[in-house]
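Undergrad: Chain by chain, the residues run as shown.
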Amino acid sequence: MNISDQQLCAFLDAELPEDEMQAIRQLLLSDDDLAMRLADLAQVDEWVAAHASEIDRHPVPASISVLLQESANRDNVVELRGWRKLHNGLSKHAALAAGIALFFGIGLGQFGQQESATLSAQLTAPQARALDNLSSGEQGELTNQQTMQASLSFRNQQGQYCRQYSLSDSSVLSNSIACREGAIWRIQATSFSQLEQDQNVYRSATKPNAMLDTLIDQIIEGEPLNKQQELDAISKAWVNPANKPGN
Amino acid sequence: MKNQLTTLLPMLRRFAYSLTGSIADADDLVQTTIEKILSRGMPDDAELNKWAFRVCRNIWIDEYRARKVRSVAAQNPELHQEQTSDNDENLARQETLNQVNTAMQTLPNDQRSILSLVAVQGLSYKEVAETLELPLGTVMSRLSRARTALLKIVKSQQGGIFA
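Keeping their order, the protein sequence lines are chains H and G. Using the working numbering, read the first sequence as starting at 1 and increasing by one per residue. Using the working numbering, read the second sequence as starting at 1001 and increasing by one per residue.
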């Protein structure tokens, strides 16, 4: 009895009528070649499943997480304050450092509450170390071909230090704001943009940095740190000022 | 619907990765799929998982394949970047996955979709037929061809390496 590959595949998937399933089971008891063919076909499925699961080792891009979680008022941008000029200049350098970016997805996490399996509210250890030590405008290489550039430091209304920074790799640029809670940098919001490799243009009318500006506008206390204030904070490991409760 | 899509997300990513062979392209494809489903909705009588796979597959065929947004899988560095372990077993496994990735790219569109839906998603032939709007017999024959073709390609690659 010759068993075609199609029959054997259907057997593997238990998609044959029971009488044909049983006939092939009987053959497998005595036909080593058939058993090997079946094993090979099963191996293919294992390979394909293992190959597909490789993507599980890569975090879901936050742009997708945001898409599934974003609030309805994503384009609600309010007027900015005087520090915007400084901030925009720094952000421009960050964007240039990352190359020509294509904005295809942007979202703003719910302030202080955004947390999911993919949009971590906490920096990784290498990211936190870099954010601890980089001055604004300075760029540092992280693992996995990722680069961080700090762009702004300030205190929020709770007296916590906060920093704006960008992370970029070969395909994605993110801009985030993180605030220091005890010894932890906790991400407050992130915007995402994607590097378009075959079109040197920006797409989409959304204004990702404007949304971060809005958040900074809402939480900043006073002016951004100047260079010396920032160096002092770096030298003191960003320990929040002791005169504010709740830090 | 967002909650359902969130639940479906890991499966959708694996499916997209099977189709594209590139992490970045897969996530692009998933994002476009989700955007399309959220913006256009779905028929009342459709099941979201089948609908999502269908939309994903159609976008891939209609847009991504034609545009060739990024490099093909054979030139795609993502898998190769994982080869940093000193563990021989891991290296061998990664090499096999690279070979599978390359082999997947040689399969015709429908064969790749069908193989992924069966081997990765565990769908029945009937479910695959409904998802891809293909006759059941076509699913069976294309799946068989996909498996045997992929087996042949990977084995020939391994033979080339280890001979």
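Just to be clear, a hint being listed does not mean it is correct.
Said to hold, decoys possible - Stretches of chain G that chain H covers, calculated by requiring three or more beta carbons in the stretch to come under 8 Å of a beta carbon on chain H: (1) 1012-1024; (2) 1028-1037; (3) 1091-1103; (4) 1119-1129.
FYI, nobody ran anything at the bench for these hints, they're computed from the structure. If you're wondering where the values come from, they're calculated on a predicted model, not measured in any experiment. Glycine included, C-beta positions come from ideal geometry on N, C-alpha and C.
Undergrad: Work down the list of hints and note, for each, if the structure agrees.
TA: Verification of the supplied hints:
{"no.": "1", "hint": "1012-1024", "in the structure": "holds (count 8)"}
{"no.": "2", "hint": "1028-1037", "in the structure": "holds (count 5)"}
{"no.": "3", "hint": "1091-1103", "in the structure": "holds (count 5)"}
{"no.": "4", "hint": "1119-1129", "in the structure": "holds (count 4)"}
Of the hints listed earlier, there is not a single one the structure fails to meet.
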